[in-house]
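A.B. asks: Work out the full structure, taking the sequences as your base and the hints as a guide.
There are 2 protein chains.
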Amino acid sequence: MPGERIVISDVVPQVDCGRWPAKACVGDRVSIAATIVRDGHEPLRAVVRHRKGRARWREEPLRFLGSDRYAGSFPVDAVGRWQFEIEAWVDRHAAWLDEHDRKVAAGQTDLAGELAEGEALFGPGDLEDWRAAADALGTEERPGAARGGPLPVEVERERARAGAWYELFPRSWGGLRAVAEVVPALAEHGFDVLYLPPIHPIGVTNRKGRNNAEHAEAGDVGSPWAIGAAEGGHDAIDPRLGDEDDLAALVEALRAHGMELALDLALQASPDHPWLGEHPEWFQHRPDGSLKYAENPPKRYQDIHNFDWDTKDRKGLWEAFRAVVLRWCEAGVTVFRVDNPHTKPIPFWEWLIAEVRKRHPETVFLSEAFTRPALTTLLAKAGFSQSYTYFTWKNTKPELVELVEQLRVWSPYLRPNLWPNTPDILHATLQQGGRPAFECRLVLAATLSPSYGIYSGYERCENVPVRSGS
Amino acid sequence: MPGERIVISDVVPQVDCGRWPAKACVGDRVSIAATIVRDGHEPLRAVVRHRKGRARWREEPLRFLGSDRYAGSFPVDAVGRWQFEIEAWVDRHAAWLDEHDRKVAAGQTDLAGELAEGEALFGPGDLEDWRAAADALGTEERPGAARGGPLPVEVERERARAGAWYELFPRSWGGLRAVAEVVPALAEHGFDVLYLPPIHPIGVTNRKGRNNAEHAEAGDVGSPWAIGAAEGGHDAIDPRLGDEDDLAALVEALRAHGMELALDLALQASPDHPWLGEHPEWFQHRPDGSLKYAENPPKRYQDIHNFDWDTKDRKGLWEAFRAVVLRWCEAGVTVFRVDNPHTKPIPFWEWLIAEVRKRHPETVFLSEAFTRPALTTLLAKAGFSQSYTYFTWKNTKPELVELVEQLRVWSPYLRPNLWPNTPDILHATLQQGGRPAFECRLVLAATLSPSYGIYSGYERCENVPVRSGS
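Line by line, the protein sequences are chains A and B.
Every letter in the first sequence is one number past the one before it in the numbering used here, and letter 207, counting from 1, is 836.
Every letter in the second sequence is one number past the one before it in the numbering used here, and letter 155, counting from 1, is 784.
To be clear, the hints were calculated from the coordinates, so they are not data collected in a lab.
Backbone N, C-alpha and C fix where the C-beta goes; we use that ideal spot for every residue, glycine too.
Check the hints yourself; a few may be wrong.
Pair ranges (Cβ atoms, derived) [unchecked claim]:
hint: 1; chain 1: A; residue 1: A707; chain 2: B; residue 2: P909; range: 52 to 58 Å
hint: 2; chain 1: A; residue 1: P1065; chain 2: B; residue 2: A734; range: 42 to 48 Å
hint: 3; chain 1: B; residue 1: A734; chain 2: A; residue 2: A700; range: 54 to 60 Å
hint: 4; chain 1: A; residue 1: R760; chain 2: B; residue 2: R648; range: 35 to 41 Å
hint: 5; chain 1: A; residue 1: Y922; chain 2: B; residue 2: A734; range: 18 to 24 Å
hint: 6; chain 1: A; residue 1: D739; chain 2: B; residue 2: P909; range: 20 to 26 Å
hint: 7; chain 1: A; residue 1: R731; chain 2: B; residue 2: R648; range: 31 to 37 Å
hint: 8; chain 1: B; residue 1: R915; chain 2: A; residue 2: L694; range: 30 to 36 Å
hint: 9; chain 1: B; residue 1: Y922; chain 2: A; residue 2: S1040; range: 48 to 54 Å
hint: 10; chain 1: B; residue 1: D764; chain 2: A; residue 2: S1040; range: 27 to 33 Å
The calculated DSS-like cross-link candidates involving lysine-lysine, where the alpha carbons are at most 25 Å apart (straight line), are [what the hints assert, rightly or not]:
hint: 11; chain 1: B; residue 1: K732; chain 2: A; residue 2: K921
hint: 12; chain 1: A; residue 1: K928; chain 2: B; residue 2: K732
hint: 13; chain 1: A; residue 1: K921; chain 2: A; residue 2: K944
hint: 14; chain 1: A; residue 1: K732; chain 2: B; residue 2: K921
hint: 15; chain 1: A; residue 1: K944; chain 2: A; residue 2: K987
C.D. replies: Right, here's the structure in full:
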């Protein structure tokens, strides 16, 4: 014979029936609500039970909103995976008092049977005693209690939600040491996160030229996203930018000014990446054994090789990237901006982010998911702290209203980070709108979302496109 | 390391994350849709797999709607509990052809590597062979297939959704034999279901008088909902209405005219119900051992005793009602109109309806849930075929629009049955609107929902209220 007389449903926050966690930050009270239904008319009581990990459950009361809906909240005071569940039961003490009072109000006097019931319920005493005890008894005694949940909530630190980002290419500024010198000025302007594109050695084979030219000229430095050379791969620093000590000095300068360092995580390799020799099975090959380069037909990216996510050594590949991320965490990196995460498997991200947070729970991950909405949101659900959005291309009022409405719907699991420009995106509005456009777009980015960022040069209204119309 | 690269979500129809079944009728194609996401850009294929009970799975293809959304349908050809699930995989054959054709279109000619890949994928042959084979191979080979579901669908016969009902009190027409004589006329008018309020013996102790007067006068027949007397309880026929043969004759008359019989199922007892003596533990008592009567303070219903759903003999009580329902099923009753189901436990209804359908899968249950929306819908989810609605009180255009919008939202699990009047509800619109109001309300009931019904007298526009303003 089936279960509970009390049925709990429509619990929020809830992402895909609890498959993924809702998101919150340390210091929040997580607002929850649920529909709680039982046959008949007796009053119900309900609480939200909550805990971090396997800690002891605590609880907070829910209040009745009307129409079988209840709401409440619980505080989260530490990063990590929390869970909550709803517990509801009949408040027989309140029910008895309510029925009794309605009868008295209607002038009924033959209440001996009712008072005997009251004594059986409350124990010896009179009406005054019972009224005084009703609230406590109604909380303690939980006849027919039913539970709904548990449901997960991922709690991160505040930086996962709110922050002002500044992006720069360290080679344009003279390397990591020189960048450290501008940290006080960046902090003065209110930036919280300094984001550097890949700082690893850049491949020389098939190196691209300026503005994506197919062949590099002498002296062309190549794309920082073509990762890997004789000097090392994803775990190395390009010696032209500095060394471990320079990175440590930059991290220390940022820390001293209340800022933190974000590195790029771009999971692809130049033809000179050490792993091509050490782990050829991690890369895509043709049937004749030759290595494939990246392409999006008819476009070809001969300076890039993609990893083969269907490799037979999936464990080895995944663990290698875990080691890369942990290596940078240990060097003081607290934020990762992930390049094109939508071209790598979702289960990989879910695993990687959880693994990194086991050891460095403060780590923040920004998803550069400029892709279809279902995939953008799935990456957010799978663990990314925050996500780029299409803000960069949304300039008219109707476009912005639509964007913000969409972000509101996604808000239980996707936190936006709005960028008016990036190294490779300069919208026509900025190319043609002059200083007023730059000011307007910055204010919109900084006020429509708690996280926003700019690419260096924005503050000088640099508005010259690579080509007219690009 | 976690699971599938393909993530299936937002599958419809889906009621409370699959806790309850969606509803369909024999002969339907059940429309389904799902969001299916994988990293990257390779084309996916998907099917819906479906089966009744534990039968072999069958499948139908899904079509791509755009934006990672897929849709399809499957046929249901028998009553019972069905289930469906989504299966999706990468179509590597279509992906290869697509990439190849984009390269050719871009004028690329060095495609030896691509063709070697093609041969590895398709087997020996040329492009023509591969194109011809692509569709079949893409269906047969299912690399990395992922599944979403299964989700339940309860399939009933068409009468669960569509039918015209006529309600009458057989004692006003001269008993069951006399009612059998009017069946041809009812069938002629297009009615599908004849619904009789309780036909059981009526209690005499504390019998109510006319129009709910507290004391009966000599000759008052009492309320048919005060069930049980010396002649028997829920499984007996009031001898004043007829006997088993008369009921069988009525059932046969209905069957001969393509109609069926609906009985009332009212789970309450008069003070003279045989079960009060046989099973006192099934009823509510005060601490002094005295029997409680039904009340909704300050109202008292001294002619009614409610069952104690918290009885220690829950099994006995539930099984007794199962026996009652099966007894009437065996007498040819195929439809039950359930009185006040919202004052009995939801798990009881879920169990009872499933138990009855094991033996009589054609049985239809109508819920008289004039209660809060969350409880009305929960009864529908728990198994009732169809439900009364607030149509009776919705008369203005805005009220009707709101009602129909609400019914549309509920349509995956709640089937409405619209009644312009009932034995105890005659809205002011009908009291004051004359024949035009009766005609208008009948057309609305019959066209806003596939199921509707009237209480006898409606066809003669009987519009005299018990009291002015009642």
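A.B. asks: Does each hint fit the structure? Answer for all of them.
C.D. replies: Against the structure, the hints come out as follows:
1. A:A707 with B:P909: 52 to 58 Å: Holds - the Cβ-Cβ distance for A:A707 and B:P909, about 56 Å, lies within 52 to 58 Å.
2. A:P1065 with B:A734: 42 to 48 Å: holds, 43 Å
3. B:A734 with A:A700: 54 to 60 Å: Given range 54 to 60 Å: holds, Cβ gap about 57 Å.
4. A:R760 with B:R648: 35 to 41 Å: Because 39 Å falls inside the window, the suggested range holds.
5. A:Y922 with B:A734: 18 to 24 Å: Given range 18 to 24 Å: holds, Cβ gap about 20 Å.
6. A:D739 with B:P909: 20 to 26 Å: Since the Cβ atoms of A:D739 and B:P909 sit about 22 Å apart, the hinted range of 20 to 26 Å holds.
7. A:R731 with B:R648: 31 to 37 Å: holds, 35 Å
8. B:R915 with A:L694: 30 to 36 Å: holds, 34 Å
9. B:Y922 with A:S1040: 48 to 54 Å: holds, 52 Å
10. B:D764 with A:S1040: 27 to 33 Å: Cβ of B:D764 to Cβ of A:S1040: about 42 Å, so the range 27 to 33 Å is violated.
11. B:K732 with A:K921: Holds: B:K732 and A:K921 sit about 15 Å apart, inside 25 Å.
12. A:K928 with B:K732: Status holds; Cα separation ~9 Å.
13. A:K921 with A:K944: holds, 22 Å
14. A:K732 with B:K921: holds, 15 Å
15. A:K944 with A:K987: Cα-Cα ~18 Å, so holds.
In the structure shown, a violation is registered for the earlier hint numbered 10 alone.
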